[in-house]
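Okay, here's what each chain looks like letter by letter:
There are 2 protein chains.
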Amino acid sequence: MEIRLVQGSDYYVISPLINDWWNGRKMSDMLPKLFFDHFKNTSFIAEEEGEIIGFLIGFLSQSYSNEAYIHFVGIHPEHRGKGIGRQLYNQFFDVIKQHGRSIIRCVTSPVNKDSIAYHTKMGFEIEQGDSINQDKVLFIKCLT
Amino acid sequence: MEIRLVQGSDYYVISPLINDWWNGRKMSDMLPKLFFDHFKNTSFIAEEEGEIIGFLIGFLSQSYSNEAYIHFVGIHPEHRGKGIGRQLYNQFFDVIKQHGRSIIRCVTSPVNKDSIAYHTKMGFEIEQGDSINQDKVLFIKCLT
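Residue numbers (my numbering), protein chains in the order written: chain C, 1 to 144; chain L, 145 to 288.
Bear in mind the hints are in silico, worked out from the structure with no lab data behind them. A quick note: this is a predicted structure, and the numbers were derived from the prediction, not measured. C-beta: ideal position from N, C-alpha, C; glycine also. One thing to keep in mind: the hints can contain errors.
What the hints assert, rightly or not - Which bits of chain C does chain L cover? Going by a derived footprint, with three or more residues having C-beta under 8 Å, they are: (1) 19-32; (2) 79-88; (3) 91-104; (4) 108-119.
Stated by the list, open to error - Computed list of lysine to any residue pairs in SDA-like fashion (alpha-carbon distance at most 20 Å, straight line): (5) C:K33 / L:K226; (6) L:K184 / C:K26; (7) L:K226 / L:K280; (8) C:K26 / L:K177; (9) L:K177 / C:K97; (10) L:K170 / L:S159; (11) C:K136 / L:G152.
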């Protein structure tokens, strides 16, 4: 398994897969091609024998000079539990540190219990949101 | 009418409106809160007497140091044809120029004939895409 930076063309491979990877939830609208084109230097693909088995799409916050944001992480259902996610996150953490960022935010849906457990295991903490935003779990992690 | 920078809280006002503004098309999944939080300095709200009547969400490309991208522009149906869109675009052009960017990209759906006509009027050119990306019209504009 190797990890490399995202390319624009990865969109055409990943976009048709993600509803399946998310157990039939309609997720692909949330990941337009712009993320594959304009955030290449902070987004990563995990590949095995030429097949994409995982990805992480993240970016440096333009508003907050100390922050980075992870928008989407997906692992092929048959390749879960092998530490691929952890490698993708660690790669992201390393790169954003090089850009002087130490705070990482991401959100997940309250229905996605696996995601909540996973982020907690990865050292993210649940942040108290504004009272309006009840439909999202907000995560924050500070790199030391 | 005044134009100001986006705030995170604008998401809660705009998100419930946009499917209506887009004539019932399901668009709100394409505009998650992250755009209101992390691209504040290149995203704008048009407001009249405290009511949001238009918005433009754009960002500086992280991959291409000369490029900026416009993700979403919406104008309240009753306030179209008054030049609000033009003012939002011009505000965006001014700000990205200050960041040393001169190329702007955006995409629209082939079904959205109004959007295609509007971008052409605003000086965008249609770019030949890769053959796979048939479901999008790709626009480019170079600031002089």
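Going through the hints against the structure:
no., hint, in the structure
1, 19-32, "holds (count 4)"
2, 79-88, "violated (count 0)"
3, 91-104, "violated (count 0)"
4, 108-119, "violated (count 0)"
5, C:K33 / L:K226, "violated (31 Å)"
6, L:K184 / C:K26, "violated (27 Å)"
7, L:K226 / L:K280, "violated (27 Å)"
8, C:K26 / L:K177, "holds (18 Å)"
9, L:K177 / C:K97, "violated (24 Å)"
10, L:K170 / L:S159, "holds (11 Å)"
11, C:K136 / L:G152, "holds (14 Å)"
Hint compliance for this structure: hints 2, 3, 4, 5, 6, 7 and 9 are not met, and every other hint is.
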